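Quick note: the sequence shown, position 163, residue 165 per the numbering used here, numbers continuous.
Among the clues, some could well be false.
To be verified - Only pairs whose alpha carbons sit at most 35 Å apart, straight line, appear in this in silico DSBU-like list of lysine-lysine: (1) 10 x 29; (2) 29 x 225; (3) 83 x 123; (4) 29 x 83; (5) 10 x 225; (6) 10 x 83.
These are calculated hints, taken from the structure and not from any lab test.
Treat the numbers as computed from the prediction; the structure is a model and nothing was measured.
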Amino acid sequence: MNRNVVLKLSGVERHYGQGETLLSILKGADFALHSGEIVALVAPSGTGKSTLLHVAGLLEHPDAGEVMINGHACEGLSDEKRTAIRRSEIGFVYQFHHLLPEFSALENIMMPQMIAGLPRKEAAERAAQLLDYMRIGHRGTHRPAELSGGEQQRVAIARAVANAPALLLADEPTGNLDPETASYVFDALEALVRQSGLAALIATHNHELARRMDRRVTISEGKLVEF
3 MNRNVVLKLS GVERHYGQGE TLLSILKGAD FALHSGEIVA LVAPSGTGKS TLLHVAGLLE
63 HPDAGEVMIN GHACEGLSDE KRTAIRRSEI GFVYQFHHLL PEFSALENIM MPQMIAGLPR
123 KEAAERAAQL LDYMRIGHRG THRPAELSGG EQQRVAIARA VANAPALLLA DEPTGNLDPE
183 TASYVFDALE ALVRQSGLAA LIATHNHELA RRMDRRVTIS EGKLVEF
């Protein structure tokens, strides 16, 4: 099967000043992620997992190198164009769900679609479909506080893919969940990736979940290494 390269990092470097010291987090990192592929990013805290996700997600500029998202070369683009690519091509999931507490599960998933210009009726229909797909269609009218941790995270995943992005970036998406719930949430995420052709890069400390993904990579001396 011919799969598109959705995310490509070429020679990416990222440095931070710490007093008079230059702290180098990424040192010429190279990586390619294809459509329909789930890759685990497994590395100890402090090695640059979040930095890598921020650079890949166009939330931070690399100090050197190139980031390509679905064929778009992103270096040198204006902030406005980078924001447009983030909105249309990238979905984000974090360890904490960040759902809006005053809105229902359905409304939380409708929100990014309506911001993108989709009519309310169509946004509601797609949100309902995504909730069904994540196996929580019966919880659509409930607010986040009325949902379990696993349900909240499945709503967050559905919201992240509501606008049909090409790339999903997840930072410890099951980190707050017990092992059984984490496995259930990952099952739903995997099914979504396989069905939609989404490309997913998932930072996790959960080695059992990592082994279930297509590939595993780590950050070693500022570079991405497969293991």
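Hints, one by one, checked against the model:
no. : hint     : verdict
1   : 10 x 29  : holds, 15 Å
2   : 29 x 225 : holds, 6 Å
3   : 83 x 123 : holds, 28 Å
4   : 29 x 83  : holds, 26 Å
5   : 10 x 225 : holds, 14 Å
6   : 10 x 83  : holds, 18 Å
In summary, this structure violates none of the numbered hints.
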